[in-house]
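Residue numbers (the numbering used here), protein chains in the order written: chain B, 102 to 287; chain P, 50 to 1030.
Be aware that one or more of the hints could be misleading.
Under the rule of at most 27 Å between Cα atoms (straight-line distance), these lysine-lysine pairs were calculated in the DSS-like manner [claimed, not checked]:
hint: 1; chain 1: P; residue 1: Lys184; chain 2: P; residue 2: Lys173
hint: 2; chain 1: P; residue 1: Lys915; chain 2: P; residue 2: Lys721
hint: 3; chain 1: P; residue 1: Lys915; chain 2: P; residue 2: Lys947
hint: 4; chain 1: B; residue 1: Lys222; chain 2: P; residue 2: Lys990
hint: 5; chain 1: P; residue 1: Lys316; chain 2: B; residue 2: Lys222
hint: 6; chain 1: P; residue 1: Lys561; chain 2: P; residue 2: Lys173
It is worth saying that the hints were derived from the structure and are not from the lab.
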Amino acid sequence: MHDLAPLSALGATTPRTDTIGPLSLAEAPDWALASLTARQGQAAACRAALAKLTGAEAPGIAGAAQGDVIGAFWIGPDAWMIEAPYTTHSDLAQRAADAAGQAASITDQSDAWVRFDLAGKGITRVMERLCNLDLERLRPGQARRSAIEHLSCFVIPRDDMLTLYGPRSGAQSLHHALMTAARSAL
Amino acid sequence: MRLPSGGQIDRDRKLTFRFDGQYYRGHPGDTLASALMANGVRLMGRSFKYHRPRGVLSAGSEEPNALVELRSGARQEPNTRATTIELFEGLRAEPQNAWPALRFDAMAINDRLSNFLTAGFYYKTFMWPAAFWEKLYEPIIRRAAGLGSITTKPDPDSYDKGFLHCDLLIIGAGPAGLMAALSAARAGARVILADEDFRMGGRLNAESFALGDMAGADWAAQAVAELDALPNVRLMPRTTVIGAFDHGIYGALERVSDHLPTPPEGKPRQILWRIYSRRAILCAGAIERPIAFADNDRPGILTAGALRAYVNRWAACPAQTVAVFTNNDDGHRTAADLLARGIEVAALIDTRADAPALDGVEVIAGGQVTETSGRLGLRSITVRPAGGGIRKLTVGALGVSGGWNPNVALTCPQRGRPVWDEGLAAFVPGADLPPGMSVAGAAAGQFSTHAALAGGAAQAVQALGDLGIAATSPDLPQTEDAPTRITPFWHVKGDRRAWLDFQNDVTVKDVKLAHQEGFRSVEHLKRYTTLGMATDQGKTANLGGLAVMAELTGNSIAQTGTTMFRPPFTPVAMGALAGRARGAEYRPRRLTPSHHWADEQGAVFVEAGLWLRAQWFPRAGESHWRESVDREVLATRGSVGVCDVSTLGKIDVQGRDAAEFLNRIYCNGFAKLPVGRVRYGLMLREDGIVFDDGTAARLAEDHFVVTTTTANAVPVYRHMEFARQCLWPDMDVQMISTTEAWAQFAIAGPNARKLLERLVDPGIDISNDAFPFMACAEITVCKGCPARLFRISFSGELAYELAVPTRYGDALIRRIMAEGAEYDVTPYGTEALGVMRIEKGHVTGNEINGQTTALNLGMGRMVSSKKDSIGAVLSRREGLTTPDAPRLVGLRACDPHKPVPAGAHLLEPGAPTVAASDLGHVTSACYSPNLRAHIALGFVKDGPARIGTTLRAASPLTGQDVPVEVVSPHFIDPEGERLRA
Chain B
102 MHDLAPLSAL GATTPRTDTI GPLSLAEAPD WALASLTARQ GQAAACRAAL AKLTGAEAPG
162 IAGAAQGDVI GAFWIGPDAW MIEAPYTTHS DLAQRAADAA GQAASITDQS DAWVRFDLAG
222 KGITRVMERL CNLDLERLRP GQARRSAIEH LSCFVIPRDD MLTLYGPRSG AQSLHHALMT
282 AARSAL
Chain P
50 MRLPSGGQID RDRKLTFRFD GQYYRGHPGD TLASALMANG VRLMGRSFKY HRPRGVLSAG
110 SEEPNALVEL RSGARQEPNT RATTIELFEG LRAEPQNAWP ALRFDAMAIN DRLSNFLTAG
170 FYYKTFMWPA AFWEKLYEPI IRRAAGLGSI TTKPDPDSYD KGFLHCDLLI IGAGPAGLMA
230 ALSAARAGAR VILADEDFRM GGRLNAESFA LGDMAGADWA AQAVAELDAL PNVRLMPRTT
290 VIGAFDHGIY GALERVSDHL PTPPEGKPRQ ILWRIYSRRA ILCAGAIERP IAFADNDRPG
350 ILTAGALRAY VNRWAACPAQ TVAVFTNNDD GHRTAADLLA RGIEVAALID TRADAPALDG
410 VEVIAGGQVT ETSGRLGLRS ITVRPAGGGI RKLTVGALGV SGGWNPNVAL TCPQRGRPVW
470 DEGLAAFVPG ADLPPGMSVA GAAAGQFSTH AALAGGAAQA VQALGDLGIA ATSPDLPQTE
530 DAPTRITPFW HVKGDRRAWL DFQNDVTVKD VKLAHQEGFR SVEHLKRYTT LGMATDQGKT
590 ANLGGLAVMA ELTGNSIAQT GTTMFRPPFT PVAMGALAGR ARGAEYRPRR LTPSHHWADE
650 QGAVFVEAGL WLRAQWFPRA GESHWRESVD REVLATRGSV GVCDVSTLGK IDVQGRDAAE
710 FLNRIYCNGF AKLPVGRVRY GLMLREDGIV FDDGTAARLA EDHFVVTTTT ANAVPVYRHM
770 EFARQCLWPD MDVQMISTTE AWAQFAIAGP NARKLLERLV DPGIDISNDA FPFMACAEIT
830 VCKGCPARLF RISFSGELAY ELAVPTRYGD ALIRRIMAEG AEYDVTPYGT EALGVMRIEK
890 GHVTGNEING QTTALNLGMG RMVSSKKDSI GAVLSRREGL TTPDAPRLVG LRACDPHKPV
950 PAGAHLLEPG APTVAASDLG HVTSACYSPN LRAHIALGFV KDGPARIGTT LRAASPLTGQ
1010 DVPVEVVSPH FIDPEGERLR A
């Protein structure tokens, strides 16, 4: 194991959690991400590989699917992002490459994003100050991409929370926007 | 005065407020206007041009007169309508446009000069001398005219923006809006009901008639309570829908905290909402219009409907004795309500000869009000009965009703035009409504309460039916259903000034003058007289003005038409448009992986797009940025330096056709780039101009990493996506940005390899033979951390770029600094980076500026003729390849201490400093601590042939004129021995 210590996207050694009234906002750095894009003519094979990898059917347009450990969400035509706990799946991109073979192009995206999980009450009231998605109608199994604080983010509803993935370099600005909106709306 | 009982105010609680230096008391539920009226205050402001004393004209957002400066200090807000300000404890308002005092305004002299101050007077009067206009006349006019004054302090409040979604947006919560909302809400539709008032109910709160067995206001309150309890309904009081935009999107301004002394901590003052609606029903009601007659603008003269509203809703009346002047039955309703509340109605003057009678009030049928008196408030009116003669009535207030105008503004933004309804004598919404919008209630010309209720319900059922939601109309309560009876009457003829537009002081005379001078189109009329401009946008004035114009031209009102309605419906604070995007939060900041470390070192940061990059790292004792930069440059060239270059765009390109794809994207060859090698590449636009430069590293046969300049990371990605998807969809290429995924550091200088050897893991050979210039590899560092290593050099030194996953970037820079201590490793910022690249003759955005070709940059031979690539053909255009085309050269100041001005133009010695002598210009300039001279890069016609000659770098902008020697752009190590060492 190497001896470089990781820093979270918010610049700390431990992830930050904030509570604003009934809402909690948690930076969640312990997630590995990898992108899979089907090679030309290999969409079916890529979907099959994805299903095998996650244990769930490859999500369709603007969809998300959760397997036992690995989840996937749609990011473009024949393109997906997969996610899994970093501690056990820091090699997620390699696992995906092994599963997909020549059917997909893979990149490791673990360090390209900051993840925030919003849980508790008032998520919709906060998010309606931030992005134009219809959160009331968004359900688990769906995934959206939307501009938040001018940053292109993924918005993924879960059973008990809402996950946001934003560009890592903009983590501070995104966090500030979320905190400001939460304080304002709640 | 306050009536002893009634009104929707909380008489148990008192609120103290101040206006014009006097303290008063009001009640929760009051507006500033109603509270002032209850305290006997009629004079509330001065008019725009003539500084005439003015009082309240209306009871709503259409108010043109009662404008005040609300609050003080940084929160002072001018032109705030007293009729919409919800009273709060400690409210402070000052009159505006009056000096030295509201009661005695010196500028009222303008009123005496009214014969000279006619419409367009300043266009005619201040013609000469022309130079005086900007410096003298305009400032004087601006000082004399105008409304409130703004504070120059920063707005201390915050504003939010937000997005809402609904099946049905209902604009206005009067009888039509409430019934539409009930119909839709009970059917389960997602409903947003927005109303600009703080109390929903619209005219139901201002009228005395019943709905079923309930008072109108009580019925409204009950409906609001039902709606409030439903989870599918969002009630938005204090919210003005300000515009209708494309695709069912509406803008709405919610005044969250304007009814409070200050917004609570962390809460916004206002929210600007963007509402996405599947359907919308406009239930915005109607606005009563005045009748123009001589001196019809005195405090105490207001619209009859407003007078009725003050009495019914706020139990306030401007005077004990009043009169009503009307051309329609609605004026009779006012007289009846006032009478019922114990107000003495001296007379009801009805312009109609067949005016109906009214119990308890003298009706002067066919009568007209010809003039008024009272300097600071109405004292009497003069009436000319139909039979002739003159009657003078002593009254303290006059309610005027010229009929009602449906509020059609929001039906018009998408080129819809209202149509004239003869029966109502009003414009009603036309057929071309914004898609998805329907109109109900008074806004649709349904003026009776029954018609409004029925219209609201019907439109809701229809709108939901369109969406596949079954809805039924609720039972309508029994209520009044009076027909509209009106005989249009616009102005009382006479020689004296009769006001049409109160806010802009536009009179019937001004319209006549506009007609006389040829400004007859309503749009010309508006611009010439200012009718309908300013904060109220002529809500009470426009129709009167165009009716007078129609009379003068002989056209019908329908032929005359209306001016264009544009958003916002009512004024919006600039802060609301800015939202949270102000100051340091104007836009998001992107931080580099080493940002926190750099901050600890005291780095000075510079904005590079959204990124914050370290510009230089000052050390103790350095008092000028040049000292820091010179030190960083010398240290790097002398030993080793390190710079965070993570901001460069990184595009991961994979696929069987990735090499051929890049071969077409770049103008130079990439198909044969071996695995494990990097190549510098130049991208051209389709027109042959250079787009961007960077490198592409081949990590595998089917895997490249393309780097772009920081500024062009997104445009290059977009360009490549366009090529992939649209130009060559048959190629097997996949792309994704990995800019954020890697922390990348340039390690440059003669000791770069020695430093790097301390970081890479054992067994990784980075000797010159094993890892030569332009090599790349996926390696591990620091005992197993995955990394990418590129041997590329922007500085011209032996240099590498080392990338690790971003989360380890902070640890890596600290490790580099620790391991490099022996070599005095020096962090350098973008300034030193710039100096070193100029010394080396490398181009950046200053040279790749969207106007230059590869030939200009000295890289003409890179445009391969052995293949096709984007822009290659057009780069060979005749005009771009002339022998004397500008070429990149180096410039060295003949006097090494004299800076070469960036942007200076290059001229022959002795040539006049005119464009005809221009030979080129300086693109980048710096002081080179290595050469101990000021140097620069620039483009010069036939540049290589001029090497060794002397030119002048002249900047007429700064007055500098510096002799420079034309040299090779490669000031340092032209043979490239250092970077290959």
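Starting from lysine 184 of chain P, check that the Cα of lysine 173 of chain P is at most 27 Å away, please. holds, 17 Å
Verify the proposed pairing of lysine 316 of chain P with lysine 222 of chain B, using a straight-line Cα cut of 27 Å. Holds. Lysine 316 of chain P to lysine 222 of chain B sits at ~18 Å (cutoff 27 Å).
Are the Cα atoms of lysine 561 of chain P and lysine 173 of chain P separated by 27 Å or less? holds, 17 Å
For the pair supplied as a hint, lysine 222 of chain B and lysine 990 of chain P, is the alpha-carbon distance within the 27 Å limit? violated, 68 Å
Given the hint that lysine 915 of chain P pairs with lysine 721 of chain P, test it: the Cα-Cα distance must not exceed 27 Å. holds, 13 Å
Starting from lysine 915 of chain P, check that the Cα of lysine 947 of chain P is at most 27 Å away, please. violated, 46 Å
This entry does not satisfy hints 3, 4, going by the numbered hints stated previously.
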